[in-house]
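4 protein chains.
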Amino acid sequence: MTTVTRSVGAPADLRTRFRDVRSFTESLAAPLSAEDQTVQTMPDVSPTKWHRAHTTWFFETFVLGPHAGHEPFDPAYGYLFNSYYEGVGPRHARPQRGLLTRPGIAEIASYRAAVDEAMDDFLAAGPEVDVAELIELGINHEQQHQELLLMDVKHVLAANPLRPAYVETDLPRVADPAEGWIDHPGGVVAVGYDGGGFSFDNEGPRHEALLAPFALGARLVSAGDWLAFIDDGGYREPALWMSDGWGTVQAEEWEAPLYWSREDDGSWSIQTLTGPRPVDPAEPVVHVSWYEADAFARWAGARLPAEAEWEVVATSREPALSGERTAAGLSVDGLAGPGLHPRSCGEQWCGGVWQWTASPYAPYPGFQPAPGAVGEYNGKFMVNQQVLRGGACVTPAGHTRATYRNFFYPGSRWPFSGLRLAVDR
Amino acid sequence: MTTVTRSVGAPADLRTRFRDVRSFTESLAAPLSAEDQTVQTMPDVSPTKWHRAHTTWFFETFVLGPHAGHEPFDPAYGYLFNSYYEGVGPRHARPQRGLLTRPGIAEIASYRAAVDEAMDDFLAAGPEVDVAELIELGINHEQQHQELLLMDVKHVLAANPLRPAYVETDLPRVADPAEGWIDHPGGVVAVGYDGGGFSFDNEGPRHEALLAPFALGARLVSAGDWLAFIDDGGYREPALWMSDGWGTVQAEEWEAPLYWSREDDGSWSIQTLTGPRPVDPAEPVVHVSWYEADAFARWAGARLPAEAEWEVVATSREPALSGERTAAGLSVDGLAGPGLHPRSCGEQWCGGVWQWTASPYAPYPGFQPAPGAVGEYNGKFMVNQQVLRGGACVTPAGHTRATYRNFFYPGSRWPFSGLRLAVDR
Amino acid sequence: MTTVTRSVGAPADLRTRFRDVRSFTESLAAPLSAEDQTVQTMPDVSPTKWHRAHTTWFFETFVLGPHAGHEPFDPAYGYLFNSYYEGVGPRHARPQRGLLTRPGIAEIASYRAAVDEAMDDFLAAGPEVDVAELIELGINHEQQHQELLLMDVKHVLAANPLRPAYVETDLPRVADPAEGWIDHPGGVVAVGYDGGGFSFDNEGPRHEALLAPFALGARLVSAGDWLAFIDDGGYREPALWMSDGWGTVQAEEWEAPLYWSREDDGSWSIQTLTGPRPVDPAEPVVHVSWYEADAFARWAGARLPAEAEWEVVATSREPALSGERTAAGLSVDGLAGPGLHPRSCGEQWCGGVWQWTASPYAPYPGFQPAPGAVGEYNGKFMVNQQVLRGGACVTPAGHTRATYRNFFYPGSRWPFSGLRLAVDR
Amino acid sequence: MTTVTRSVGAPADLRTRFRDVRSFTESLAAPLSAEDQTVQTMPDVSPTKWHRAHTTWFFETFVLGPHAGHEPFDPAYGYLFNSYYEGVGPRHARPQRGLLTRPGIAEIASYRAAVDEAMDDFLAAGPEVDVAELIELGINHEQQHQELLLMDVKHVLAANPLRPAYVETDLPRVADPAEGWIDHPGGVVAVGYDGGGFSFDNEGPRHEALLAPFALGARLVSAGDWLAFIDDGGYREPALWMSDGWGTVQAEEWEAPLYWSREDDGSWSIQTLTGPRPVDPAEPVVHVSWYEADAFARWAGARLPAEAEWEVVATSREPALSGERTAAGLSVDGLAGPGLHPRSCGEQWCGGVWQWTASPYAPYPGFQPAPGAVGEYNGKFMVNQQVLRGGACVTPAGHTRATYRNFFYPGSRWPFSGLRLAVDR
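These protein sequence lines map, in sequence, to chains A, B, C and D. Going by our numbering, the first residue of the first sequence is number 261, and it counts up by one from there. Going by our numbering, the first residue of the second sequence is number 261, and it counts up by one from there. Going by our numbering, the first residue of the third sequence is number 261, and it counts up by one from there. Going by our numbering, the first residue of the fourth sequence is number 261, and it counts up by one from there.
To be clear, the hints were calculated from the coordinates, so they are not data collected in a lab. Hints are supplied without guarantee of correctness; some may be wrong.
[Said to hold, decoys possible] Sample of chain D residues facing chain A (criterion: CB under 8 Å; computed from the structure):
(1) Tyr344
(2) Gly447
(3) Val448
(4) Leu470
(5) Ala472
(6) Ala475
(7) Pro498
(8) Glu512
(9) Glu513
(10) Glu515
(11) Tyr624
(12) Gly626
(13) Met642
(14) Val643
(15) Asn644
Since the model is a prediction, treat every value here as computed from it, not as a measurement. Ideal Cβ positions, reconstructed from N, Cα and C, are used throughout, including at glycine.
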């Protein structure tokens, strides 16, 4: 398991963190009705109750079964709640996750409680190092699903003509960030994870990369910038777009980011997790696809950063990012309500929106996935997708480090995805 | 409204019947969780909570709004819960009914209670005859949705690998029905509704039809008959099928009725509203499409009855059918639990399964739909569908009369649809 | 074969007619390039060279093979040129007919010549009566394909932005037909074929039908009538349409008949087999679907005729129609060029455009398809389609009799289909 | 235009080369009938006559129009034969290219002759350097279409159950290539075009890249290797595949390379441009997708090469590749017939099959597309595709240089695509 984790904290810490992460998932689901937790609005989206069960299944299948002689809570759940692990058997088709009315949310809560109890006993006994690493992966896995859960809930609620809010909050308007560029001289730089603590296998091996001189924007592209792009006909000018992107613009009839809608008076409003509100020109633009980010950058006379460029600058600007994440961040959807921490704005390297890069998602030199079914975690997605860096307001603490590689298809808009510009120097 | 109803009972009766029908809908929904009531497994299926809201919207829109000066409970509901009435404005797309997590089942219950209260006040005051006829239509409309609700719930629960039951019951096995044929000399016969009480517009005008001599099967085609058809290769022999039917068999990979599945030991089981159980050869076959019914009849050296043939025989065999429905009937899915009446078997004219006819659904000579939006009730579906006669175990009392014309596309299998054979004499 | 033909002429006549029909097919293909004869613009359309080969395969497979010990010209052709006869083996998928670049048009010509020569020898020897009936069917089958060939060529050429003409002609403008209604008292009438000579199995058995009093329009609905329907918003008013029709209008964005296009000055032009030209308000409207015909009739305060109504009036107005077809007819696309006879206008019962009826295509009482593969000719299409009566300018002589039942899906617009109104009396 | 070409030969050379390339296209089309040249078997495929017209349109639109005051041969052709240049106006939809029966092949020949004549006059007068560069681009563009034409013809003919041959030849069996690995120490290497003569914009700018030590296979993966992969269950083992690749394997039911089919005796045959024949284990495998190449490499315990790795080794092994292409190459489909040069086998760097790399197609650092419509040539495809290197038996001379970057979607199989393995050292 060395490709997945480098070190693990003391067993007592693990037990506490396990408990905290599990309980935070439940707090995210708490504002949602049984109906809210069941529906699937597109194949990419999974129901909340599925996220709750799948993260539980992960611990049951990879930890409790093989290492604690645990009998499955319900033998059918292995089929229902396996996401994509071909190595552990057949599974319910992803686009049909929203057809499952049973088990209901109460049964899912029982399932979680039973597995939590068994895990707590197991953790109290002090697992072996390799199993502890697996549990660490499970914790990080569940944190990723916490973010997916919020992405998916936003999509589900936004599909409802009633435009309901997930939570009610009233956060202060974000401060205007600094303008300008941050120069970097290029050269041979080291990229990839090399710290203590947990990282995903796709963040390594750490290796050298050769960069030409470049500069990155000191701030994220804002909603105000995007309004200028729209007003300048950006969505109607094919010369700005990749061929596949232009095809998507026409097929999907895009004319603004996802969740934006034009009001009768011509102004733009957006649907957020706290309900609908007017677009704030100062906030970072979010819910744009890679195609849109790339076209915007071309329109602006710039380009998207390579992921190595992003990483070296982010590491130098916010050294803490490679270790612990800063507690303060940037709020986009006003997500203080369910427990996520609003953050101050600053340079917004991590914590406001994920930032599309120019880099296709591919293995680092020398990459080897972990053996066994957990090796399917990252490696098998390394084609057709683009890397995002940074982290969003919905990203759990500890996942916003400079080496973290998020990835989505270039047409995806339901992640909390924005961008930062780059130029050659 | 003369095309819809011929006469209406006393206001007091109407008030009581309104209350009973409304309350029966709620009793049908009672065994279902919030999740069960929300999901849509195919575009034809509507969620239970949608049925509950839509039937309420019908009274609010066509009765309370225009005739009682009623303000809508929620202005958005007109958009969400209109089914297909183009005349009263835009509506939420049918295939997206399952995306609505809000309003939740509690809000739907409040909506129903509010409309019921307003209707009760309105009925207490004694509505004009034409409004009473409209309410009568609304009652019958809601009864139709009671049957649709059960069809849809069956489909939703059957899509779940856990194979849950809607209700738990243990009904006695049905008695073997009589064999043989019922001859009719043909000639000019009268068809269409001509009684007192309510009927739908598509059941009239009553008119004469000319029939050649024929005979109808004394009983429904049974599951045992169907097993013989399967075993004889009926699903693999194109010569038995309509061209469109054969294309559907291949595209959908049909090899048995809907809800049948082959067990490891080669036997057939069926999923019912009371859960899975073995096929009983004596029970009527159900959940077959018109394509299958037509192919079966050809295989059996017979044909499907014309709807006029069915009607004249049914009327002569069970005179009560043209007025009140017999209380006793035939149970297919064991539906005593939620309140539907199990019935004895007899000739099974009405009450066991709907019976496909050879007749395309078309207007009777002189048919005129009602003016206004309620005129969209039946007439606009009079192409591409086939008529079914009789009524099923899930059909509400009062809807199993000999003139009642049910209709579905020839490829539909989720109705409680079976068949009876006919031959020329 | 008694269900297919009632009598056959002398062998010498058959030999001559065989030769004439075969040679007329070749004259229809003559104006077309190899490319024109190869392309398939939608699954319903077949390439010209496929029609030429398939009609040849019919004689080879059903006559020469079983009755003359003939070896196939090319064993692969049985797979390529079988249309839908499940009984004689597997076949090339219909939507892929346009992918066949080989055999080329020269090889198809050789195939036709070889089969024609073998047939001529066979006919010279004087076939048995039952084989002669089969040949008669083949001749009529080829005549049907002559019409299909022209329908399909029109679609292929109209898909080309260059808007090429099939033939160049300049026909005189059609005369204005008589206005008014033709009354009929109803009663028991006889319908179905009962003459000498050939008829298709679906035209019988002749039987009695019961009609209420009605009237039919003395003329076809004209393009001028249709312009009024368009101008009155007919394509935007859902209340005029069947539900399935309205769905099609929206999905296909229909706003006029097929082949009509709006010019920059607001006028309408149509693409015809003789190239593009302005719409002539006096000509019959053509290339409308049943959905459009039905909506138009509703808009006009009328309805479509039942097929029995059409047949009894047509028989009484043009007695010759039940035997030989009138030589003079009505030109729509100016089709004198390739050999089809332009016709004078009169009441336009047969020969101008096919006329949609209100009748779903279903078997007549007592209908039995012929045994063997040719029994697949008509019967297996008797669901989901609507009957058309009359015949079009592209319909071969001899196919425009009052009992002839043409049929297409209600959304089809590439047939030469128009309509005549009916009303109750 | 400096991003497209670095230098251009003398005008006299250009005139001769223009003539040669144009005439070679016609010789490629010569064996094909009008039908063969018209059909489109999938959206990726273009008809031969479209390739002939489109390459002509390129010279007419980008050279003769703006620089020689040339009037279009036919104004409609600008719409019909524009491929994807948004900058020069609307165009006929790609998936409908196969619907065009007109202009016919004779008109296309006239079009080509007219443009050739005008170009010859223009070239005789000696164009300015920037226009000469544009013509050079047009020549290279047409050469690319020569390869596409053969790819597309192969697909069209293979769709025909008759399995026709494009040309008849009988080439000697290829010699067995050397086994083993070619080591490279890694380090900073220069990649990208830096020679005299023409190159495409995507081959530059030349820049440095940093490589870890690695080795490349001395030979291409062979059909024999692939048979072992098939026999070992490679197409049934999800652990070998990218997630998107496995989805494609299941959806498309892949179980061998494109054009392979299993004979009744269990052996494999392949359809080639010279007709069907048995698979030769010694020949390079061809017509595999990137998904298959990637899965094969994983199965073999290796990986695909990065494009920089491929380029530095190819340059060192066959120095001539960076300038002129070797005359001798490797035959896969036996393509001596139409004029392409069969080649000896050797290490097969260029000339046998295109070789998939691990590299997603992305811009080199500092890449800028050319201004104007020709800037759409390469840059707008730089997402979602993978780079191939080398060149195939159907690749025109001069296009098989070490810096040439070909690109296709990872699921494409109709290119002449194979692979070479790589490993870390």
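Each hint, compared with the structure:
no.	hint	result
1	Tyr344	7 Å, holds
2	Gly447	10 Å, violated
3	Val448	7 Å, holds
4	Leu470	4 Å, holds
5	Ala472	5 Å, holds
6	Ala475	14 Å, violated
7	Pro498	4 Å, holds
8	Glu512	16 Å, violated
9	Glu513	17 Å, violated
10	Glu515	18 Å, violated
11	Tyr624	10 Å, violated
12	Gly626	6 Å, holds
13	Met642	7 Å, holds
14	Val643	5 Å, holds
15	Asn644	5 Å, holds
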